[in-house]
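Student: Knowing the structure of chain A, use the given hints to seat chain B on it.
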Amino acid sequence: MTRRRSPYPYWFVLPAAVVFTVLFLVPTLASLWFSLTRWDLFTASFIGLDNYRQFFKEPFLVQGLVNTVIYAALTSVSKSVLGLLLAVLLTSGILWQSFLRAVIFFPVLVSTIGVGITFTALMHPTRGAINIGLAAIGIHGPAWLSNPELALYSVAFIDLWKGIGLATLIYIAGLAAISPDYYEAARIDGATRVQQFWRVTVPLVRPATVTVVTLSLIGGLRSFDIIWATTRGGPGFASDVLASVIYKQYQAGFYGLATAGNVILFALIALIILPLTWWFNKREIDL
Amino acid sequence: MTRRQRNSGLIAMAVAFVIFILPFAFTFLMAVKTKKEAALMLFSWPTEWHFWDNFTEVIQARNYMLLLAYFNSTVITVAAVSGLIVMGAMVGYVLQRRPSGWNKVIYAGVLMGLIVPPAVVPTIWVLQGLGLFKSLTGMVLIQIAYGLAFSVLLYRSFIATIPRDLDEAAIIDGAKPWAIFFKVILPLLKPVTVTLITVQSIAIFNDFTNPLYYLPGKENVTVQLTLFNFQSQFQSQFNLLFMNILLVTIPPLIVFVFFNRQIVAGMTAGAVKG
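Chains A and B, in that order, are what the protein sequence lines are. Going by numbering that gives the first Met the number 0, the first sequence opens with residue 0, and the numbers climb by one from there. Going by numbering that gives the first Met the number 0, the second sequence opens with residue 0, and the numbers climb by one from there.
Hints are computed from structural coordinates only; laboratory data are not their basis. Glycine included, each C-beta is placed from N, C-alpha and C at the ideal position.
Derived CB-CB ranges, DEER-like: (1) A:Trp277 with B:Thr33: 54 to 60 angstroms; (2) B:Glu218 with A:Gly218: 27 to 33 angstroms; (3) B:Glu167 with A:Glu183: 43 to 49 angstroms; (4) B:Asn62 with A:Ala72: 42 to 48 angstroms; (5) A:Trp10 with B:Asn62: 44 to 50 angstroms; (6) A:Gly233 with B:Ser156: 39 to 45 angstroms.
Incomplete in silico selection of chain A near chain B, CB under 10 angstroms: (7) Phe23; (8) Phe33; (9) Ile171; (10) Asp224; (11) Ala228; (12) Tyr254.
In isolation and in its complexed conformation, chain A is listed as follows:
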């Protein structure tokens, strides 16, 4: 008697597994080796940890690393805080609610490069609409993108502008999953709106918070196109992040160094996301 074959054969997984292995897993594993070499795509000579040493010695490379963390923290905190507040506002039955949701969400879908170019024009120190608008109310606006102290934060703001719609959307879905009974019980107990927000909304919308924070942290740490479309990491190296450093090293032909940057980016993401996920899961049990 022949054994009956499963109606769910493993060869169904094969096409996906081949593509994923060849174009994602193999390069990822290979990066560990190539980051230890001087490499021109054809020949690689082993140089030990020199690439990594260089990465942590060159001040502009270190700054890229620091900027990456600042940028990711800023964008993910601002997206989750503002996203939750906007979601609460946009589920409270205000006038033009669904139109407002659409308006806030639309930038998520448009070209990042297009947004970057538009804001570069809007943020022009003298002729940009932002500073002209500020001048009209008596504020002397700064050079948003060409001031080294400010450039990274301005780019983070553009990122927030483009991404806030997604955070809001996720929070709206999260709020919809909270049973109205909780609010009713809180009202009967005499809780004010503010108390309801802190005692009911914030704890119960946690799954959405986890999603927003995790997604925007991963996105923020890997962020490249918005920076490339606005400042290209400049002025100088003031707004460089790991992803733009990797691209610059790649362009300059330092493939080993670029790959070491990639491994560092991977390590950084793992170091931040894995403990965070563990912490989020642990807190879930406490609830």
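Tutor: Just chain B now, kept in the frame of chain A:
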């Protein structure tokens, strides 16, 4: 609607208008100005409307590069999304229907796909080895590899809602595994497939970084790269640059208008369960 709800709506609308609508209005106004007027970069009403002139000039620029870019981007998007549908659904199906030790391996792969940043230079090295560097085929396969994790998760959770009785009825009728999947299961996945198509096609159409690395060369240009190329070429021709932005923004706008609900479903998947 209470007075409070009306007033907060009015205030929110005013704020949203300034913050979210004006930048788009600015893009549009810049796109219809003359070269000289656009160079001022002011947020002003155009004195002359040059919509049509600018439109034709952008299309014709660099030997119709924008049309070629539209063609390339469309080919990449359609092919990659088709691949993601079939491959993602097949993995999600086996993953959900056949519990085994292999599932842990698949989940590990999915988790990596979601978190690990692609190692770009080694990927170029692999693509060169396969003869796929600078080719549309290579770009399509890259987009599939990077989008698989999301597709598998989306399909797996949807397949969990499809009763096994359907598979079993087909098995009793003597259907082969591939026939059960393609004729019974895949058609039932239509709602989630539409979601996947909208979300992934926008993501792939808007992708800039991957074509920048894996698809250099004039003949391979994609729409996002035209913006980037024109940024230096049109330094003194902001009207054309912004017309280009406008043209690149239209496809997502159309998808948004018709598939708003599916996009919302796709992008919030997992938000409730965590």
